[in-house]
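Colleague: For the sequence shown, the working numbering assigns the number 1 to the initial residue and increments by one for each residue that follows.
Treat the hints with caution; some may be incorrect.
[Unchecked claim] Below, simulated DSSO-like cross-link-like pairs (lysine-lysine); rule was C-alpha separation at most 30 Å, straight line:
1) 517 <-> 652
2) 323 <-> 85
3) 323 <-> 476
4) 751 <-> 263
5) 476 <-> 503
6) 33 <-> 263
7) 63 <-> 369
Simulated from the structure, these hints should not be mistaken for lab results.
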Amino acid sequence: MQFRKFLLMGALCTLAIFTKAQEKTASLIGQVKSRGGEAVSAATIRLQNATNGAVTDQNGNFKIQNLKPGSYTVHVNVIGFTAQKKSVTLAAGQRLSINFVIEESTEQMETVNVLGRTKAQEVNRQAFNVTAVDATKLYNTTLDISGALDRVAGVRVRESGGVGSNFNVSLNGFSGRHIRYFIDGIPMDNFGSSFQINNIPINVAERVEVYKGVVPMWLGSDALGGAVNIVTGNRHRNYVDASYSYGSFNTHRTVLNTAATSKTGLTLQISAFQNYSDNNYKTNLRTLLQNNMEPDKRAASVKRFHDVYHNETLIANAGVVGKSWADNLLLGITLGQNYKEMQTAARPEAVYGQLHRRGNIVMPSLKYKKADLLPGLDVTINANYNLGYETTIDTARADYDWDGIRDPKVSMGERDGGGHIEYRNNNGLATAMVSYKLSEHQAVAVNNVFSTFNRKQDNLLFPDLNAQNVPKRMDKNVLGFGYSYDIANKWSLNLFGKYILLKSVVNSTNNKNTDHKLGYGTALAYYINPDLQIRGSYELTNRMPEANEIFGNLENEEGNPLLRPEKSDNLNLGLIYGFKVNEVNRFSITANAIYRHSKDFIWSRIVGGTGPRRDYTTSDNRDGVRTTGFDGEIRYSYKNWLSAGATVTYQKLLNLQKHDFNPNTGAYYPEESLVYLDQMPNIPYLFGNADVSASFRNMFAKGNNLTVGYNLLYVNRFWLDWPSFGNPTSEDKLSTPVQLTHDLNFVYSMKNGRYNVSLEVRNIADKAVFDNFALQKPGRGFYLNFRYFINKS
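Using the sequences plus the hints, can you model the full thing?
Modeller: Put into structure tokens, the structure is as follows:
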């Protein structure tokens, strides 16, 4: 009944969209370029006798919809350029195109009167608790997406080692699969290990949006704790952006982004990248109990000897752009492969010398987008299907230790039983979104995301066992409806609902488990003045267990088919304030408070094993977890050459399960749990970072610039296990120690950014750093990067 009401509301909403779409309003589109032909982004487009306006994107394009027929004066303003205006007359139903060519103004270059905002800055002004990272400012670094995220307040990226290692993003206390990842609004659930945020270079993105807690309806997700959206954008029509870097531990990274677009709108877009590293950095073994090693070896630092990683990925799209019936229509293919040697299990007591993983991605895709298909009506459609495979190979008859010596044994496999099973997690995805602007300030939208999972296993060692494989299938649909009311620089309101339906097959009789959940939320922002915004958001959200949580991943995670869906009340309160002093000093302050109350919280715990399989993970439900905390960021800039900032995050996750479960009886113990109201283990609770950079224009030659930057990262000590276990002051109590690292970078750009050379020094003090207990990350490293960029748009 609940679903029928929701479906009826959606039908009425859709009917309203197409009914109102027939009303005859006008729209204005265009592009702003410099006298030299370069697209001008962040230019403010304002209509003198109307409240409508826009800001140009990275291609210099703008669009203003739902205008009443009549005469207007269009004003264009942007820092560093002379203001310009034109008069236009719009008829009912007309879609008028108007272009501007503006000239640079040396007088305005020395001011900080910012008349336009970048797209990232506009995203940050949403009612949602969101932070957008301008990726374009990081193109001359060797960072990947996860490295950029690690500098965002409230976000902590935890890796188990060097390049290509397992990663876990903690976002306001929620982590792992509580967080969803998207690329251009398309879920990345089915992309496989060849295409993950810790192997995607930052150059692929235009910006990275981080939604904390409440996730907008248009992302079509059942995320519990937040979402990360990688926006690639279409920055240029004809360009080449290529870079190569080499660094410590034999690390190589190559990135190529290019596009060619004809005057008729035919386009070919290619992104390709590769990562390689031996990851042969030193590991300190003083904290480990290697019983079969000599004491002097146990105390020494040894090199990792079996940790090579490499991946190669190609993303190609071909189609048309800029048509009256399609802003873009692209057919694409994503091809990729990865190879990963595994040095340890979940903890380093178990050491491997031949165990490794291979995988690939073969994913055809379709992308379609059209704004103003009818006046005020926007349509977006995406579809893809991953045909790739993953396999973990463990066929060696050997045992290894940190000395790298191979000890032969009779049985197969470095782990219990060994194995060589190839599995295909055939994932399909289809998304569709229709939005309509009801009036100048109001809009409605309908969004649907359907995904399917079907794991097919092939036991290459024992093919006869394939007949015993239990079907592992899952279908999920997320249907969302939204309404928004917005008055620029005054206030905005978002209301939304999500209906989630899950069907899964978990046994050999093909019986289907069906579950459905309804969630809803709102986000509100109010501007005390144009530079001071307060905002709040609330969501009752649900998350269905993921395929790997239910079925396992055939590597180091055991499945749990009895997992229950999670439910959480998420509340955010925040403010954004920007101000300037003496016209040359700018400040911005962002602060957020969070509250989460989660039921049937799914958490990953380490399960102790024996022999080579010392540790693996599995997922369990806890009756409840309450999260409270805050995060904040302050930034300062002086003119256009000095920038500094700092972030801090504090979060407390309390266990609300009052009684422990007894697996032997299938009931709860009557006594109150020792860990009731304990801080959840193995989750950082206090961390932050700071950075400062200085840019020097026309260094050594006109058009050549030098930028020097510094970054600091701090993570406070946190317990591996429940705080109530053992003596908190004991040296034997397992914890991840305080982390404090320092990084430096130098970037020299020539010919106005055409040629770029950068040098990075990471972990300058060469401290032993850990994101997870006893799994040491690389020490001090040096990285040299070369980048070439040319734009013929």
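Colleague: Just to be careful, I want the Cα atoms of residue 63 and residue 369 compared with a cutoff of 30 Å; is the pair within it?
Modeller: holds, 15 Å
Colleague: Verify the proposed pairing of residue 517 with residue 652, using a straight-line Cα cut of 30 Å.
Modeller: Distance ~27 Å between residue 517 and residue 652 Cα, so the pair holds.
Colleague: Between residue 33 and residue 263, is the straight-line Cα distance small enough, at 30 Å or below?
Modeller: holds, 17 Å
Colleague: Please verify whether residue 476 and residue 503 have alpha carbons no more than 30 Å apart.
Modeller: holds, 6 Å
Colleague: Keeping to a limit of 30 Å between CA atoms, is the pair of residue 751 and residue 263 held or broken?
Modeller: holds, 27 Å
Colleague: For residue 323 and residue 476, compute the direct alpha-carbon distance and say whether it is at most 30 Å.
Modeller: Violated, at roughly 34 Å.
Colleague: CA of residue 323 to CA of residue 85, is that 30 Å or under?
Modeller: Holds, at about 27 Å.
Taken one by one, the earlier hints fail for this structure only at number 3.
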